Amino acid sequence: MFDNLPLWPARASTGAGNVDALYIFLLLLSGFMCLAIFVMIVVFALRYRRQPGRAAEQIEGSTALEITWSVVPLGIFMVIFAWGAFIFFQERTPPRDASEVYVVAKQWMWKLEHVEGQREINELHVPVGRDVKLIMTSQDVIHSFYVPAFRIKQDVLPGRYTTAWFRATKPGVYHLFCAEYCGSQHSGMIGQVMVMEPAQYQAWLSGGSTSGSLASNGQSIFQQLGCVTCHRSDTQGRGPNLAGIFGKPVQLEDGRTVVADENYIRESILSPSAKVVKGFKPIMPVFQGLVSEEQLTELVAYVKSLSAAPSAGTKVQESKVQ
Amino acid sequence: MATAVITPERENYLNQEYGIKSWLLTVDHKRIALLYLVSITFFFFIGGFFALLIRLELLTPAGDLVQADTYNKLFTMHGQVMIFFFLIPSIPAVLGNFLVPLMIGAKDLAFPRINLLSWYLYIIAGVLMLHCICTGGVDTGWTFYTPFSTAFSNTKVVEAGVAIFIAGFSSILTGLNFVVTIHRMRAPGMTWSRLPLFIWAHYATSIIQLLGTPVLAITLLLVVFERLFHLGIFDPTRGGDPLLFQHLFWFYSHPAVYIMILPAMAVESEVVACFTRKRIFGYHFVAMSSIAIAVFGFLVWAHHMFVAGISLYSALIFSALSYLVAVPSAIKVFNWTATMYKGSITFTTPMLYAFGFIGLFTMGGLTGLFLAALGIDVHVTDTYFIIAHFHYIMVGGAVMGYLGGLHFWWPKISGRMYPEWLGKFAALIVFLGFNLTFFPQFILGYMGMPRRYWQYPPEFQVLNVLSTAGSTILAVGYVLPMVYFLWSMRYGKIADDNPWGAAGLEWQTTSPPPTFNFDVPPVVTWEAYNYDQIPAPAEEVSVER
Amino acid sequence: MSDSPAALERHDQHRPHGPELLHHFSSAQQQRDAASLGMWLFLGTEIMFFGGMFLAYLIYRLWYFNEFAAGSRSLDITLGTVNTIVLICSSLTVALGVRAAQMGKRKLLVILLLLTLIFGLAFLGIKGVEWYAKYKEHHIPGASFDAGDLIRDYPQIHIDPAHAQIYFSLYFAMTGLHALHMIIGVGLFTYLLYHSMKGRYGPEYYTPIEMGGLYWHFVDVVWIYLFPLLYLIDRKPLG
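Residue numbers (the working numbering), protein chains in the order written: chain A, 1 to 322; chain B, 1001 to 1545; chain C, 2001 to 2239.
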């Protein structure tokens, strides 16, 4: 708006406009309601101020009015609810073939890894017009990934993955904030999202890291840690064959069926007895404490790469405590 | 018109007995109310001092007044002190304690000694909190989120947790006292539908205090145990779940906000009725909406957790329920406004606070509609939009209600009038200062400034400077009443028994009341707010200086 | 149920009444009704208080059933059963005590209160023994926690020590809080015993006995829930 006094955040994603539309509607509605009430009060206050010779008129109430001003607001509220829910549903449903970026939050920085292998700290480069899905976890306390220009925010939790997604529409540099208080340098845990034209992004990508893609790093770890001894690519292994499992239902020993998503892979590495696959024994060693967050990310990326589509685009299975 | 007539002072609850023991060992609900008044005022200024430091730091984008850790402690303790040691007790412990027995025609609350115990628990909690503040403080945010509070913070989490735990029991016992009193000690003829709306709202508040506070108590206890004994109930590295903490915490802390606002709505009803000289429009609807707020208030807690990692479906349910809880509040606002229609309105200080309350509560409540909308909440949660929202309701609403109530019942409590022109002036300052402080924060929030930020990007500075300027004005507005209320106890005009010509049993006894409230226990044969039967005061009270 | 007081009198008139009627009440009936409602409401708050822990228990038991089952089996079911019987007997003596007070039988009341106290102390003693056993087995959460014995005892299921620690954290938190309430109950009944020996309670005034009894029954009921939830998880023979 004004150069020195900005009053509205930049609008730089496909979702931002939707959020702003509802916000403006609510601003107008609230403004109207406030005005109506304030005007009524002012008018009543002046018109019915105490005057000698006029007593107040005792009015018990009016059931008709009460019902009206209960039902009408409720109706309006339901409209707002539905509108907000619709936007939320879009925000929580990443497109199927979104590119993925893994995010590890820690006190007090953001570590981001592109699947191609580029690592960034406190910066995220993305191309305009591409769906980007963030798969995030924390190494310590709860953080929150917040990009006001995209109108997205998602808490980042230790011990699980949470996701968010966006499609940037305008090249530029936008704030990235941590939005869940996390200790001393909470307000210093900020960064930038750099949205680039596709060509520029390709250039940036190819000037990128020599550390290999996430999946190939994951494959190395998979061999180093001995996973390959049990999880063979045939049916003779003591552990299930991991080819093609990602995104598909898995039958468990106790009769449950779960979907093999990022959280499932992660849990199976850190706490294997939680969900034992039907037909197998609970003999997988526990890797809690033996793998870092980054290594976990790479292992997950590797297992995903063993399935038909590299980014399956399924919703990460959400929390146990709902 | 009684002025300073030379008669021996009538015996009342203030002069019946003198000496520190008669105060510290009193079981008179009115004296206990004054004990609370002094204590919560003390904590209000402590919390306010922290707020001023916060606002001063936020004058500049850089963190240059205090260190980051200090700042984190400041906003944590501002929240804890203001919520647990000021807002939650405020109206119920001061005005409720004083007025509930009077309004229903009883001699005291059902359990006077438990009432005194409540105050002592509050003081013990307060002393512990002060000790915590002075020996290092706590920096977890008032919300104590795990695993930061259980496994990462290096501050006095246990001490603060125990202090709030104890304060919680003070709150529970007050609520228990009120519910039993209202059920069992009403005067003959005082049926439920003749009760002042003040009583209905305090009844609803007490139900919340009884049912919700114990959950906070156990949650804080588990956090304390986890910290002390290295358990893992909320720690994911040890099999626990941080979201379990959040659910347990918010299960109390959302209803807690209704503990804070319902009593202010209680005051609002009494003040509006008196200064429009009319029965509140839609009495039964207003009474029932208090109960509805209490009930629905327990069903919406996870709207504080929309981005915390709950499922899409949970979020949908809690969003829908949150809209439901907005309806009874809207009903009240409409009814108060309708009461003014064809009334006979005078603009005394309490009435000015009442006008301010409706305006600011409406604004705060409307912004609640924004927050209940899932798509919007994702963007503005954990930003200054939330801060602005809850300050509009808790400060613009609850504190204005508290101040309005103090002014309204001051003659009854002290037997003196406060200086009316100063009262009006302070009300105006509070209203202006408040809006300047918190309105810019809505804009800051939508722009994306997160909360609990010690330093911030420079484009947010102008709005922060406006907000800080407002806070200094607000501070003046708060200091003024303290000064002139104290002044009035010695030099204020002696008050009539019913200077406002108000309805309600409390106005039918002397100002101040005798220790046992009524010389003759009343028998009630009239409806509440019988303003058609009560003559208005002969002259405008505002004329008095 | 009197919801409003019966008698009216000027404050300065003084109708003769028993020494136990407090002055702000207008009748003994009102005082009794207030006490009763107050105690029931207080017990309601206690339900909410324990409720938070029961919720945590519910969730973690669903998630970590194996560890909960193993932990449960490591508790001494004999001692737990004895304690349950002890508490139920104590509730019987309490109920009989209220009756004795109602009928004015002072000596019987004293005996029954004494028995209740003995049962209560027995419960606490047995609890102490159980906790000591847990201490020896390194099942107390914290630095010295060791679930090794559970892992060895139950090779057919996988035990995650962290999850087992959660079971024991809840075990100690729940039984600890319960024991604290028992101690308060013991203190309360000591007071009641003392005053009944002095003849303070009888048919006209036995409210404290009744209210104390309600509290004691509540603490008993909490244990009735705790016992199966903590001790009886999956006790069928291992297949």
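Take the hints with a grain of salt, since some may be wrong.
Said to hold, decoys possible - DSSO-like cross-link-like pairs, simulated, lysine-lysine; straight-line CA separation at most 30 Å:
{"#": "1", "chain 1": "A", "residue 1": "Lys275", "chain 2": "C", "residue 2": "Lys2236"}
{"#": "2", "chain 1": "A", "residue 1": "Lys281", "chain 2": "A", "residue 2": "Lys248"}
{"#": "3", "chain 1": "C", "residue 1": "Lys2134", "chain 2": "C", "residue 2": "Lys2236"}
{"#": "4", "chain 1": "A", "residue 1": "Lys278", "chain 2": "C", "residue 2": "Lys2134"}
{"#": "5", "chain 1": "A", "residue 1": "Lys281", "chain 2": "C", "residue 2": "Lys2127"}
Claimed, not checked - If we take Cβ atoms under 7 Å as the criterion, some of the chain B residues that face chain C in the derived model are:
{"#": "6", "residue": "Val1179"}
{"#": "7", "residue": "Val1180"}
{"#": "8", "residue": "Leu1211"}
{"#": "9", "residue": "Thr1219"}
{"#": "10", "residue": "Leu1248"}
{"#": "11", "residue": "Leu1312"}
{"#": "12", "residue": "Ser1314"}
{"#": "13", "residue": "Leu1316"}
{"#": "14", "residue": "Ile1317"}
Simulated from the structure, these hints should not be mistaken for lab results. Fair warning: this is a prediction, and the values are worked out from it, not measured in the lab. Even for Gly, the Cβ is constructed at its ideal location relative to N, Cα and C.
Run the structure past the numbered hints and jot down the numbers of the failing ones, going up. Hints 4, 5, 11, 12, 13 and 14 contradicted; others consistent.
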